[in-house]
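Read left to right, the sequence shown gives residues 442 to 626 (the working numbering).
Simulated from the structure, these hints should not be mistaken for laboratory data. Some clues are possibly wrong.
Claimed, not checked - Calculated lysine-lysine pairs in the BS3-like style (CA-CA distance at most 27 Å, straight line):
no.: 1; residue 1: 586; residue 2: 597
no.: 2; residue 1: 586; residue 2: 464
no.: 3; residue 1: 574; residue 2: 466
no.: 4; residue 1: 586; residue 2: 602
no.: 5; residue 1: 466; residue 2: 602
no.: 6; residue 1: 586; residue 2: 574
no.: 7; residue 1: 602; residue 2: 464
Remember, predicted model here, so these are calculated numbers, not experimental data.
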Amino acid sequence: SGPSTHVTVVRSVRMLAIGEWHKIKMAQRGRWLTLWVEGSASSALAPSAEVLVEPDSLLYIGGLKDVSKLPHNAISGFPIPFRGCVRGLVVSGTRIVLNETNIVESRNIRDCDGTACGGDSCESGGHCWLDEKLQPHCICPEYAKGDRCEYSETCKLIPCKNNGRCLRSGRCSCPNGWGGFYCEI
């Protein structure tokens, strides 16, 4: 039957402050689409339960390739498209490294700060900082080790949070609305 031509819009009820980081999550359960912005949820009912993000499909963040296909009310009152940066992208539980390999094209989305910490420098939720020579370093959360926080402890050592389930692989299976290594995000 070909790709869907329906557009479902889920808008946040929260206004976002410019120049600050914001945590945004999106989930699909059946026909329901839910958007969490800083912990506040908004939902909409999609016309069908088709999967929104198919494996190996293109994912548009902050807009669409052709905005003219959106219904007028989807962007009314918002004349300026998304401008900013994206960091810490997770799709279906898999962290997507934002680099030249994974980014096909971008518009209005840039490197977050123009420094060596501007990309996804630290893994596992680590925080990047620059030394006096502007070299990046990572401060890792308690469960991660390595120069880039690339090694994480299994949930057999550190229990899953927020009703997550520890799988035989040592990874947590998180309930809807939660993510991260230990369902802490």
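Outcome of the hint check:
| no. | hint | verdict |
| --- | --- | --- |
| 1 | 586 <-> 597 | holds, 16 Å |
| 2 | 586 <-> 464 | holds, 24 Å |
| 3 | 574 <-> 466 | violated, 35 Å |
| 4 | 586 <-> 602 | holds, 19 Å |
| 5 | 466 <-> 602 | holds, 17 Å |
| 6 | 586 <-> 574 | holds, 23 Å |
| 7 | 602 <-> 464 | holds, 18 Å |
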